[in-house]
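Protein chains in written order, with this note's numbering: chain Z, 1 to 149; chain H, 1001 to 1149; chain F, 2001 to 2149; chain C, 3001 to 3149; chain P, 4001 to 4149; chain L, 5001 to 5149; chain D, 6001 to 6149; chain X, 7001 to 7149; chain W, 8001 to 8149; chain U, 9001 to 9149.
Keep in mind that the hints were calculated from the coordinates and are not lab data. Nothing here was measured: the structure is a model prediction, and the numbers come from that model. It is possible that part of the hints are untrue.
As the list claims (entries may be wrong) - In the DSBU-like style, the derived pairs of lysine-lysine whose C-alpha atoms are separated by at most 30 Å in a straight line are: (1) 1054/H x 2147/F; (2) 3066/C x 3131/C; (3) 7066/X x 9147/U; (4) 3066/C x 4147/P; (5) 1027/H x 1054/H; (6) 7066/X x 6022/D.
10 protein chains.
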Amino acid sequence: MTRAEVTELVLTAKRMKGLTWKQIHEKVSVSTSPIVITAALLGQMRLEPNEAEKAAELLDLPEEAKIILTEIPYRGSLPQVPPTDPVIYRFYELIQVYGTTWKELIHEEFGDGIMSAIDFDMTMERQPDQKGDRVKIGMSGKFLSYKRY
Amino acid sequence: MTRAEVTELVLTAKRMKGLTWKQIHEKVSVSTSPIVITAALLGQMRLEPNEAEKAAELLDLPEEAKIILTEIPYRGSLPQVPPTDPVIYRFYELIQVYGTTWKELIHEEFGDGIMSAIDFDMTMERQPDQKGDRVKIGMSGKFLSYKRY
Amino acid sequence: MTRAEVTELVLTAKRMKGLTWKQIHEKVSVSTSPIVITAALLGQMRLEPNEAEKAAELLDLPEEAKIILTEIPYRGSLPQVPPTDPVIYRFYELIQVYGTTWKELIHEEFGDGIMSAIDFDMTMERQPDQKGDRVKIGMSGKFLSYKRY
Amino acid sequence: MTRAEVTELVLTAKRMKGLTWKQIHEKVSVSTSPIVITAALLGQMRLEPNEAEKAAELLDLPEEAKIILTEIPYRGSLPQVPPTDPVIYRFYELIQVYGTTWKELIHEEFGDGIMSAIDFDMTMERQPDQKGDRVKIGMSGKFLSYKRY
Amino acid sequence: MTRAEVTELVLTAKRMKGLTWKQIHEKVSVSTSPIVITAALLGQMRLEPNEAEKAAELLDLPEEAKIILTEIPYRGSLPQVPPTDPVIYRFYELIQVYGTTWKELIHEEFGDGIMSAIDFDMTMERQPDQKGDRVKIGMSGKFLSYKRY
Amino acid sequence: MTRAEVTELVLTAKRMKGLTWKQIHEKVSVSTSPIVITAALLGQMRLEPNEAEKAAELLDLPEEAKIILTEIPYRGSLPQVPPTDPVIYRFYELIQVYGTTWKELIHEEFGDGIMSAIDFDMTMERQPDQKGDRVKIGMSGKFLSYKRY
Amino acid sequence: MTRAEVTELVLTAKRMKGLTWKQIHEKVSVSTSPIVITAALLGQMRLEPNEAEKAAELLDLPEEAKIILTEIPYRGSLPQVPPTDPVIYRFYELIQVYGTTWKELIHEEFGDGIMSAIDFDMTMERQPDQKGDRVKIGMSGKFLSYKRY
Amino acid sequence: MTRAEVTELVLTAKRMKGLTWKQIHEKVSVSTSPIVITAALLGQMRLEPNEAEKAAELLDLPEEAKIILTEIPYRGSLPQVPPTDPVIYRFYELIQVYGTTWKELIHEEFGDGIMSAIDFDMTMERQPDQKGDRVKIGMSGKFLSYKRY
Amino acid sequence: MTRAEVTELVLTAKRMKGLTWKQIHEKVSVSTSPIVITAALLGQMRLEPNEAEKAAELLDLPEEAKIILTEIPYRGSLPQVPPTDPVIYRFYELIQVYGTTWKELIHEEFGDGIMSAIDFDMTMERQPDQKGDRVKIGMSGKFLSYKRY
Amino acid sequence: MTRAEVTELVLTAKRMKGLTWKQIHEKVSVSTSPIVITAALLGQMRLEPNEAEKAAELLDLPEEAKIILTEIPYRGSLPQVPPTDPVIYRFYELIQVYGTTWKELIHEEFGDGIMSAIDFDMTMERQPDQKGDRVKIGMSGKFLSYKRY
């Protein structure tokens, strides 16, 4: 069984049981962000064993799928690059437009190094707005200095 | 004169005069974010005429460069895709890892549509942290519903 | 079951029952454009639940397929880029030839921003012409201004 | 002198003289669409000799540039594919989402063939709208039947 | 059933029955060129219903395959670009070597426009030659003028 | 001096002297096809020394350019693949649609081998037609059998 | 049955019967080179009917596989380009390093033309050497002159 | 001065002095193969200092060019991959057709490892033949065993 | 059975039996590095027959899988390039940043040649560190001089 | 002045003054590794101001070049991917062969996370060996755990 097959099993179970990601998250974990749980069930993060246990029960997953959910996946969720789906493409477009700006401003503030995408967390929420609600994203990544040696 | 030549003039002037982006921003605009000003001077956004006037004066730019800074550029700042520079690549990696998760959670919260990358604003700041300071990014884009017709 | 499998089921049913897209559209929806209905059945848009109900009945689709038709798909319909099929390539060619012109004229009329592909609708019809009938396409997308912040 | 150099001369003259495409069009031609004139000055269409004469006078172009404007260019205006600029990308996205739908509906209405991108004309205008003005595009291309032989 | 599966059924039947394309063509159509018939059976053109009837009988194809042969396919027959097969690559090489020459000479003779690949027919035959027989190809495509509007 | 620079010199001279390829061909060679002469002046074939002599005189080319015209070029005339120019793209589309058909029919008639693109000649002419004149192309390439050893 | 499936059948039979390519070659043909026989069994050349007969018997191949082995394949054996396998990559590297040199020296010796890859034969053998044995390859391809017409 | 500029200087001097690679080789080195000398002058190998001395004198190269010829270049001579030039493409095609065969036969004879492209030498010569002379190439590369550790 | 299928069998068995690579290595070989054993079981190296015997027994692999594990694989383990998985990408990034530096320093120390990736061995271990443990990698490859001939 | 121009100035000065990287390193820094210094002078790392001062003096670099050497570069040193130069390609090949193995073993030892390419240092040295000296590389990167949140 491959990771992609597990993801397909998850999506089928979610669909046929009429569950939302929010409901799945609440059943699977209290301490972990819904972003991490969703990403794990889509094959990009791993679950802790007890989370996988609950997920497997909720979604009627077979034993091997349950174990696979605790394994570290080969990451990369996009079938093509640049992504063809409009929701995901807009994030890619932000990098095209702001990439060099982010580089300049991070370096000016922190020096030579990067914002970690590993020691990283994020939030996503609805921001009410009279002219139309907004998607609000917060990201926080540890600054890592380039080591001089 | 091309937009790329203007960007090179800007970078040379900044370097030889020992200016920071922060200093340039303060001289060029009070109401606009430093992210927008920096992006414009790097060829990805446009300046208002009075901002371009101040920028040209500060950076000793010729007349044509000043006008070009007020023009809407052909956007896209990356010489290769995926970006080879580590700072910018990490953002690209976030899309690879979280792209499908963002899609699922935005749709579950808002329905069919996208987070606009046009009616969009962002902030970037230093987040002090005992284990090492963090880069904190806030993004906010209007949710646009797919029109049904 | 994947979205691609649903599309294949739809095409087989349409073929074996001898239906046209026009007939399917008439049976599935009165208020929605045939373009949207066809795009949904080809895996690029979603149907409203009652539309999916009617489509599933008309095309003998299984329960899971019916639900999938109401889900928001991962968009992107082209197996290669540039598209190899001549009908679709001609649209791509129009972008190659007119892309920068559209950009200039939209900016001159509206300022900095884009024509939305989300708050967007279109029509397609036959335009009788003595020298040979023509395909007439009308597009209308909301202009979105680049936010300055 | 290459076509790209002519385009750059045109853009510099337009910028330094403070002209709009609308003004240039009015001076260069009465019978031809502003879309064609703009596309020609951007290196994607050709001008008639008398149009080139007027364009060269208005924009102070040298003799060789004037002749080049009457030559048929090597068409293709995009520096990268998919296009990175958001305005142009949205058109590309429409092909990604609607490409197969257009193919199905054109074939159902007209049979096997294509909408010509050569025997083709188009319009672009502002469509006033209370919720925000819209970009309205009309396209009309002759249907060409695949010849059976 | 997909178009690719129909093509594989055709090839298997042709092989196991020991048929040539020439024999298939003679059985399937009298008025249509063997090039069109072969291309249709390889998934790039469509057959008329009576031709599909005869092809299905000759090759023992199931009902759905017979209908698919009358449908307009998503065209594009090459698994990679540039094509790796030497026979097909040589045609690609001719475009690499002569592409700009063809463009210049067509424009000089006909003005701005293209040779249609839709209103197009061709022949292919053996040309006896003492130094070794030659493949002789005749192509004829309607010239389409770029519309000025 | 590079081959590309020679081609640009040729195009400038042709343009400023108001010459056609037909006129150039008549002055440069009597025995060689206009296709070969044009291709050579566009950097894809070589001229014989006496032809280069005449071409250099007619087009006021410097000594080095004259020698370069007799050298065998690094062939390949397309700035992008697939070609963006509509005239050239149509030939590419023919390979996409007919590539596998040509392969099948050549093999059925000749056995295993290819149509040479080296021992190859071609013609291009106007074919008058009431419904619109046609571009008529004749190609003839020696069949080369795959050697068994 | 596809050509790739035949190749997999061949490899499984070879493996389970413990055969070498040398043994297979000896059983299948006396007059043909082991390179050609191996290439055919890997899907890149065709076998003569009597060779296919013997191969099918030796490897227990089904009837359709036997016929497919006599058919001319769609050539191209590399799953990616450049090839990732080190043995095959080294040949690719030789073209990267020596490609332009080969072109210059072939042209200087033979004039304008190519070394045929069709009227071509080769040998591969072990060359004993005290410092470590060497792979010795001999290639011989007919020189084909570019036809002038 | 870059390596590419040195190559262009070499080609211009060779052309204007009417030299052949054979003549250059004879003047530059007695012990080294003409293939190595030509490759070095085309920017893919290095010359020994005394060879560079003679080459610089023969071709009137400036001091820096002379030194650059003794430096180890960044190898890779092809402007595109796959190569568009027919002479070089044929070698690429041989890898496409025979790549997996070479892999199988080398492994069967030598075990796991590769033919070195570094401890490698080659010859190229004219092979007279009544049916048309042939290009004969001999390659010899040391077999390197994959180290087990 | 393909190599990829063997790898999937290995991973399933490892997972369901709760084995680590370390445990597998200890059972399969004493003299060979765990890196080589793991790479072989992932389809990139081969096992010795006795190692394959033990691996097959430990992992309940069928006979054909056991033989395949002793065969030399078609190497190349990455589904996309550049690799999307963060762990593997970081190595790729090191080449992007240090590639030309390694080239310069190896040449300065050793002359013209390469570090072999075939006569090569490596180690990977945990390096305890107060600020956080480190991954320590040691590589050693034979220097191969470019042969002059 | 661009970073690439600075690198070219550095290489020209190094060449004309007959300096080695080792000599440059000794003059420019005592505490920093020669790998970092070389990488900085090749445009991939930055120098400290006092190092840049010494480098500029040693290599006669202009003022702007000196400042640029202290700036953080846009990293990425390879003109093509995969790299065509054999020295650099061998590192790329190691990733192709060992990439998934490194991933498995790092995860088994450390859990979910990566080896940092930022908090990273390395050494490169000659390892004497009777069968031929070896290139010995030592790498050490901090293990970064994927943050769970």
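What are the numbers of the hints that this structure violates, sorted from low to high?
Numbers 2, 3 and 6 - these are the hints that the structure violates, sorted from lowest upward.
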